[in-house]
Amino acid sequence: MANSEKNAMEELGISKEYQYGFHDDIEPTFKSRKGLDEEVINQMCDIKGEPDWMRQYRLEAYKIFKQKPMTKWGGDLSQLDFDDIYYYVKASDRSERSWDDVPDDIKKTFDRLGIPEAERKFLAGVGAQYDSEVVYHNIVEELDKIGVVFLDTDTAVKEYPDLVKKYFGTIIPSADNQFAALNSAVWSGGSFVYVPPGVKVEYPLQAYFRINSENMGQFERTLIIADEGSQVHYVEGCTAPTFSSESLHSAVVEIVCMKGSRVRYTTIQNWANNVYNLVTKRAFAYEDAQMEWVDGNLGSKLTMKYPSVYMMEPGARGDILSIAFASKGQHQDAGAKVYHCAPHTTSQITSKSISKDGGRSSYRGWVDVAKGAKGCKSHVVCDALILDKDSRSDTYPVIEIGENDTNIEHEARVSKIGEEQLFYLMSRGLSEEEASTMIVNGFIEPLVKELPMEYAVEMNRLIQLQMEGSVG
Amino acid sequence: MSKDLTIRDLHISVQGKPIIKGLNLSVQQGEIHALMGPNGSGKSTLAKGLMGHPLYEVDSGEVIFDGIDVLELEPNERAKLGLFLAFQYPTAIPGVSLANFLRLAVSAVRGKGANGSEKDGLIPMREFRRELREKMQQLGVDDSFARRYLNDGFSGGEMKRAEILQLAMLEPKIAILDETDSGLDIDAVRIVGESISQLIGPDLGVLIITHYPRLLDYIRPQFVHILLDGRVVESGGWELTQVLEAEGYDPIREKHGIAE
Ligand SMILES: Nc1ncnc2c1ncn2[C@@H]1O[C@H](COP(=O)(O)OP(=O)(O)OP(=O)(O)O)[C@@H](O)[C@H]1O
Ligand SMILES: [Mg+2]
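Listed in order, the protein sequences are those of chains A and B.
Using the numbering used here, you'd call the opening residue of the first sequence number 1 and step up by one each time.
Using the numbering used here, you'd call the opening residue of the second sequence number 1 and step up by one each time.
The set of hints was computed from the structure by calculation and includes no laboratory data.
Careful, some of the hints might be misleading.
As the list claims (entries may be wrong) - Using C-beta positions, here's what the derived DEER-type ranges look like: (1) B:15 <-> A:76: 38 to 46 Å; (2) B:198 <-> A:416: 38 to 46 Å; (3) A:392 <-> B:234: 50 to 58 Å; (4) B:77 <-> A:357: 19 to 27 Å; (5) A:419 <-> B:1: 43 to 51 Å; (6) A:405 <-> B:122: 52 to 60 Å; (7) B:147 <-> A:175: 44 to 52 Å; (8) B:77 <-> A:416: 18 to 26 Å; (9) A:69 <-> B:94: 41 to 49 Å.
Nothing here was measured: the structure is a model prediction, and the numbers come from that model.
Glycine included, C-beta positions come from ideal geometry on N, C-alpha and C.
Please take these sequences and the hints and turn them into a complete structure.
What follows is the structure, encoded as structure tokens:
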């Protein structure tokens, strides 16, 4: 983390030392019945008090969702039952679960990660809400001075209808894919960020601090608009295992990078291993704009996630750095997509995956260069590390080039933890587990060093736990 | 009391092929031994076998250190006992900085809870840094060295210095140096030679594997052994290096009836 970033954070009182506390407020509770139809959507709109245009948008998306056949590629979705899901649950209902219901291994992990009591309960979806309100309040006040909007998307729909209406669903239309359609119909929560022209936000905006009743939503919807020449870094997720009784999480993230802007979006996700995590993330980058996705996926039963960048105008750049850790019973189908729609655009994809204890990771990538998009450059590197013979790694790269004057490179490497590496480290006193953990941490170092410091530390500890086989 | 490493009638094979065939050798703390032998005679095989490399299979024989049967132990347990191997070809570990690695290694070898270690079992950062910097200065390596990824993209000379740095930090009782002088320029041989001789004392026993007497100018061994056909066929003092230098291995081969 840059020093200026750190100082700015400290000024806002964002440090590990702030006060933890609880809200006792009893909120109105609501849970829709299982399954989805127009009535459920209408009910949801009524409770949210949403404007009519959003209601129409949802209903339209629902029609599209119904028409879409079940996704057949990627991972195995045959166990996913759309009728057995609650599509709208207000957060206060989630707090009905008690601390005793949280599985022991997850409690143990919280312990080992050294996560404070109050924070643990919040992360586990238990009890009263974790009170980061003070911190959030400070952040919003500071951001307000420079004209930056940082809200949950539900509130943004009411407070900034024009801005939301102008961009919502323009990057990822409802018809894009089955899960985008589903999210468009039933979304709740997520962040809305607007950064005015020329404004550089000095510290990362963390979803973590954006409290609202739907923070841990299953169908989050995030929209970030970086106006001309602006800069922002958004961070979501956390390394602690996110306990959830809901089996489907399907978010949509849309990002608009206007001329000369720079956006970085960092995600670390560690879902409980019953979760289908099916996410659509896409950014449009205009002239000389730069979009970076940093995406870390641990946990879940199946993750399908391919952050993408559409380079719409000359000089745009897209960088995607993704890492996946697939352990027992898990399939990480992750990757990246870049579309060079204009000349002289550049992209870099770096994908690292680790498979262990029979876990499976796949890289699915797409590099597209449009006809006439001369002078484009794309560099793809996929590294897979397989820790034992039961585990698996595949790559599914697609390269579509409509233009001769381009420079595309694709490198893929699959490696096993080398006997020589293990022996070398063990001959210096490290146990086999310490040695292989060190090799794995070294393998993902290129990603970890891009993370904000506290995430990097937790990420390394998490890898350590994964290697001990004591997580998920 | 000084401890010794005793090797008795050791047989080691690699992928079913016998390489070490009945080797005897004993190295005591405070002693310096040189082991010389032609290419492919099994010097590195012996070194890795002593450290417990899984590919180097011990078929029979004994290796005892301080009364403990070393052959039963994992490589890390051997390291904790006080054995150290400076590799002829060190392995790169990308993404792992020399400093991070060494802090874990030093903590492991010195034992958890030793001299004010923190609750995670690691020696305190400040203390570690100070010690590391001091030893890097003695070795004439730049501060930035500690932040580089372990052996990743190191030049031959840098790798060898990194090995000696690890030796200095881990403070073993018996160190095997496998061609720590090869690939070094003349100045580097001097620096490495001088640093090793600084480490030498009553607590360190050394087995130096080398082809060149140059390194031995800095570290005068009391004992010189010649390895041929998987066995130590000659042992003597300094004069043996002079004989080798002058006549090569052929007269020794002839004497012991070993074909080339
Ligand atoms: N990992 C291995 N796989 C196959 N053969 C091996 C392996 N290690 C050693 N050998 C073989 O064992 C024999 C001895 O090799 P070793 O490396 O011990 O020789 P050395 O005396 O160290 O030689 P040098 O002076 O060249 O370093 C050689 O024939 C070598 O090819
Ligand atoms: Mg050798």
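Tell me, in ascending order, the numbers of any earlier hints that this structure violates.
When the structure is compared with the hints, only number 5 turns out to be violated.
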